[in-house]
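K.L.:
Assemble chain B onto chain A, guided by the hints.
Protein chains: 2
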Amino acid sequence: MDWTPFIQRYEDELLKNVIPFWQEHCIDRECGGFFSCLDRDGSVYDPNKYMWMQWRIVYMFATLYSSEYGKGREDWLQIARDGYDFLVAHGRLDDGSYCFQLNRKGEPAMGPFSIFSDCFAAMGAAALFRATGEEMYKHEAESAMTSYIRRIPNPKGKYEKSLPGKERYLSHGSYMILANLGCEMRDCLDTDRYDAECRQAINTVMDKFFHPGLRVIFENVRPDGSFDLDSSEGRFLNPGHGLESMWFVMRYGETHGDRKLIRRAADYTDAQFRFGSDPEFGGIFYFMDALGKPSPELQHDMKLWWPHNEATIAALYAYRLTGEPRFLDRFLEIDAYSFSHFRAPLYGEWFGYLNRRGEPTHLLKGGKWKTFFHLPRCLLISLRQMKLLASR
Amino acid sequence: MDWTPFIQRYEDELLKNVIPFWQEHCIDRECGGFFSCLDRDGSVYDPNKYMWMQWRIVYMFATLYSSEYGKGREDWLQIARDGYDFLVAHGRLDDGSYCFQLNRKGEPAMGPFSIFSDCFAAMGAAALFRATGEEMYKHEAESAMTSYIRRIPNPKGKYEKSLPGKERYLSHGSYMILANLGCEMRDCLDTDRYDAECRQAINTVMDKFFHPGLRVIFENVRPDGSFDLDSSEGRFLNPGHGLESMWFVMRYGETHGDRKLIRRAADYTDAQFRFGSDPEFGGIFYFMDALGKPSPELQHDMKLWWPHNEATIAALYAYRLTGEPRFLDRFLEIDAYSFSHFRAPLYGEWFGYLNRRGEPTHLLKGGKWKTFFHLPRCLLISLRQMKLLASR
Numbered sequence: 000m001d002w003t004p005f006i007q008r009y010e011d012e013l014l015k016n017v018i019p020f021w022q023e024h025c026i027d028r029e030c031g032g033f034f035s036c037l038d039r040d041g042s043v044y045d046p047n048k049y050m051w052m053q054w055r056i057v058y059m060f061a062t063l064y065s066s067e068y069g070k071g072r073e074d075w076l077q078i079a080r081d082g083y084d085f086l087v088a089h090g091r092l093d094d095g096s097y098c099f100q101l102n103r104k105g106e107p108a109m110g111p112f113s114i115f116s117d118c119f120a121a122m123g124a125a126a127l128f129r130a131t132g133e134e135m136y137k138h139e140a141e142s143a144m145t146s147y148i149r150r151i152p153n154p155k156g157k158y159e160k161s162l163p164g165k166e167r168y169l170s171h172g173s174y175m176i177l178a179n180l181g182c183e184m185r186d187c188l189d190t191d192r193y194d195a196e197c198r199q200a201i202n203t204v205m206d207k208f209f210h211p212g213l214r215v216i217f218e219n220v221r222p223d224g225s226f227d228l229d230s231s232e233g234r235f236l237n238p239g240h241g242l243e244s245m246w247f248v249m250r251y252g253e254t255h256g257d258r259k260l261i262r263r264a265a266d267y268t269d270a271q272f273r274f275g276s277d278p279e280f281g282g283i284f285y286f287m288d289a290l291g292k293p294s295p296e297l298q299h300d301m302k303l304w305w306p307h308n309e310a311t312i313a314a315l316y317a318y319r320l321t322g323e324p325r326f327l328d329r330f331l332e333i334d335a336y337s338f339s340h341f342r343a344p345l346y347g348e349w350f351g352y353l354n355r356r357g358e359p360t361h362l363l364k365g366g367k368w369k370t371f372f373h374l375p376r377c378l379l380i381s382l383r384q385m386k387l388l389a390s391r
Numbered sequence: 000m001d002w003t004p005f006i007q008r009y010e011d012e013l014l015k016n017v018i019p020f021w022q023e024h025c026i027d028r029e030c031g032g033f034f035s036c037l038d039r040d041g042s043v044y045d046p047n048k049y050m051w052m053q054w055r056i057v058y059m060f061a062t063l064y065s066s067e068y069g070k071g072r073e074d075w076l077q078i079a080r081d082g083y084d085f086l087v088a089h090g091r092l093d094d095g096s097y098c099f100q101l102n103r104k105g106e107p108a109m110g111p112f113s114i115f116s117d118c119f120a121a122m123g124a125a126a127l128f129r130a131t132g133e134e135m136y137k138h139e140a141e142s143a144m145t146s147y148i149r150r151i152p153n154p155k156g157k158y159e160k161s162l163p164g165k166e167r168y169l170s171h172g173s174y175m176i177l178a179n180l181g182c183e184m185r186d187c188l189d190t191d192r193y194d195a196e197c198r199q200a201i202n203t204v205m206d207k208f209f210h211p212g213l214r215v216i217f218e219n220v221r222p223d224g225s226f227d228l229d230s231s232e233g234r235f236l237n238p239g240h241g242l243e244s245m246w247f248v249m250r251y252g253e254t255h256g257d258r259k260l261i262r263r264a265a266d267y268t269d270a271q272f273r274f275g276s277d278p279e280f281g282g283i284f285y286f287m288d289a290l291g292k293p294s295p296e297l298q299h300d301m302k303l304w305w306p307h308n309e310a311t312i313a314a315l316y317a318y319r320l321t322g323e324p325r326f327l328d329r330f331l332e333i334d335a336y337s338f339s340h341f342r343a344p345l346y347g348e349w350f351g352y353l354n355r356r357g358e359p360t361h362l363l364k365g366g367k368w369k370t371f372f373h374l375p376r377c378l379l380i381s382l383r384q385m386k387l388l389a390s391r
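Keeping their order, the protein sequence lines are chains A and B. Under numbering that gives the first Met the number 0, think of the first position of the first sequence as 0, with each following residue one higher. Under numbering that gives the first Met the number 0, think of the first position of the second sequence as 0, with each following residue one higher.
Just chain A, with the same shape it has in the complex (with noise of 0.2 Å):
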């Protein structure tokens, strides 16, 4: 296998493409903070300023200066801290969490009911951490991290809608999130502080989450284990989180040398992908139903384009860490659909959103949840994968 014209691809993607496209539009040069709603031409058509999208931006440009890419880009580094600066001085709560989203200006517009905006947070102040080695970076990190940990029991506080007669379930998200958070601690903060949460968090997903006989992850299980069949809230499928959860760990057990686990991972990434492929449009659908009852959510059948990189990282690593031919087809097969969907023929960056049979119904280059985040993450990551195989 030649990978040198993937590899050339995929960092033209990435240098020539996706960081350009983002670096020219995204930069609120009057306000501070990120624009993230860019229209198709990069044109701005909303102002306000949500945290995920606002962090992930800080967290990507900080680690593509770390990477192999950044030496002597202080225009990318300058771009992490700015927006730091920004989102600590007008998102953090005195707890330490985050609120969701800030208007133009920097206020914040609505409270801390995602748990997810503390979880970007710690994600980009660790990799400005690695960066430059400022302490202040470290601290933030892990203050937001503390509060990640914090509200995991209660993720959404005060604005929990549950009552006593909903059924309680265990979130896939909450666990595979932290699993990858305490990843990216160890790599950015050079810690094992969270050693011990990331285990477990692994732990929760591969045990309690993978349904044995049907073969495929589910996203909500009950504490004690067992899945519910009876309601589409127990039944929901997420298959390109599921694929996004299983490099999650096969990344945990490389770091760990942990053969088992990723022997694991990867046959569970293999059911993933049988599962929430359509084997009649191709690319992976966005929601299922365990049992192919109605999905309540009128959107279940689009493809967008996050689960197809998070199924790119996932086919590549369990292709590097197995060698078995199954993963490199799955991988083959995601990057055609992918480049040939997604990719904009026109003003740069990906479409996210298409529909079943593959046509975009947005042509919109980001939003409230598109940002600078899974494409260049899916492009770096999976350019490290081709070079070690390149290299073997």
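Calculated from the structure, these hints are not laboratory results. Keep in mind that a hint or two might mislead.
Treat identical chains as interchangeable: a pair holds within one or across any two.
Claimed, not checked - The calculated lysine to aspartate or glutamate pairs, modelled on EDC-like cross-linking and capped at a C-alpha distance of 16 Å, are:
| no. | residue 1 | residue 2 |
| --- | --- | --- |
| 1 | K367 | E232 |
| 2 | K104 | E29 |
| 3 | K160 | E106 |
| 4 | K104 | E166 |
| 5 | K367 | D229 |
| 6 | K165 | E106 |
| 7 | K367 | E296 |
| 8 | K104 | D229 |
| 9 | K386 | E67 |
| 10 | K104 | D84 |
| 11 | K367 | D288 |
| 12 | K207 | D223 |
Because the structure is a prediction, the values reported are computed rather than measured.
P.N.:
This is chain B only, laid out in the frame that chain A set:
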């Protein structure tokens, strides 16, 4: 124009298709209340009880009982009575508001974060009073109505996530629903107690939400009546909602002999059809952006059953009250689209969700947001319009 075949078809649809489907499948004979999550064949795919859906079933069976089709249908009345008993016993909170969701057994599962739970409780109880004359129902209708009006300034209560930095908007939904509620209370309870609120709501809808330059009804406007064209929330449109709103206004105008109001609502109805129709694949878009910028909603270009139900009523109302042929054309177009695209070929009822091309993306007949309400209401009210037209 010979209305006979239309009347025949709509009566068959209501009496031989839609009512029997729900009557057979929606009643939970074990725990009380209703199932609304019904798969294509009527089987239950989720047992949870969503308050909007529950009260709408009560409202619809009680309304049908009082209608020209309800003579001797004590079975319909009993369904509404039983539903009422279940919901008042289990879903009503001490302050007269209603929680959003019960579990199958009737235990409160999600708190009262939606004001529309109270709205549909008021409508259901009022319809039962009209059907029976029993004071208990009137009392509950007034209680729920009072709760609804009380909550309008802060509809989400303690679950409100907005902070001071958030742009404030008036919501079209709150006012249009109040306009309709006023008419329902007047019809059912024979009271003019809510006439002032109703008139004020109608004035707000007509004076503030219609953009005279773009000629379309906005969903969110600033409290001073100015339009926010800079944000997605400010530019958000829901064409079917606007059409529903306009037949509420025409209904009010007819009751009060206000020809000028009718004239204006018909004019807006025409504008709404022009703005919201899909010139390529037919039907009415679910969501739009007033300036054609990207919609933040993934499902924006889908075709949903209910906007087509509301469009049918709006077109017939406007045609009957103005006599203008353009509204007859609109009715014929929407009627043809609806019956050829939404009507399910097997097991009865209609599909709820089509992609932009008009292909079903879900085969469900009921769900968390689809119940025994928009379709039977559309058939019943359309039949009345057609019979009045036919009798000229």
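K.L.:
For each hint, tell me whether it holds in the structure or not.
P.N.:
Structure-based check of each hint:
Taking the shortest alpha-carbon separations for K367 and E232, only the inter-copy value of 11 Å comes in at or below 16 Å, while the best intra-copy value is 24 Å. In this homomeric assembly, K104 and E29 come within 16 Å of each other (Cα to Cα) only inside a single copy, at 9 Å, whereas the closest approach across copies is 55 Å. For the homomeric pair K160 and E106, the shortest alpha-carbon distance between copies (14 Å) is at most 16 Å, but the shortest distance inside one copy (25 Å) is not. In the homo-oligomer, the alpha carbons of K104 and E166 lie at most 16 Å apart only across protomers (12 Å), although the nearest pairing inside one protomer, at 40 Å, exceeds that limit.
Proximity of K367 to D229 under the C-alpha cut-off of 16 Å is restricted to the inter-copy arrangement: shortest distance 15 Å between copies versus 32 Å within a copy. Only between protomers do K165 and E106 lie at most 16 Å apart by alpha-carbon distance; the minimum there is 8 Å, versus 35 Å within a single protomer. In the homo-oligomer, the alpha carbons of K367 and E296 lie at most 16 Å apart only across protomers (10 Å), although the nearest pairing inside one protomer, at 18 Å, exceeds that limit. In this homomeric assembly, K104 and D229 come within 16 Å of each other (Cα to Cα) only across copies, at 14 Å, whereas the closest approach inside a single copy is 46 Å.
In this assembly of identical chains, K386 and E67 lie within 16 Å of each other by CA distance solely inside one copy; the values are 12 Å within and 75 Å between copies. In this homomeric assembly, K104 and D84 come within 16 Å of each other (Cα to Cα) only inside a single copy, at 14 Å, whereas the closest approach across copies is 51 Å. In this homomeric assembly, K367 and D288 come within 16 Å of each other (Cα to Cα) only across copies, at 15 Å, whereas the closest approach inside a single copy is 25 Å. Proximity of K207 to D223 under the C-alpha cut-off of 16 Å is restricted to the intra-copy arrangement: shortest distance 8 Å within a copy versus 53 Å between copies.
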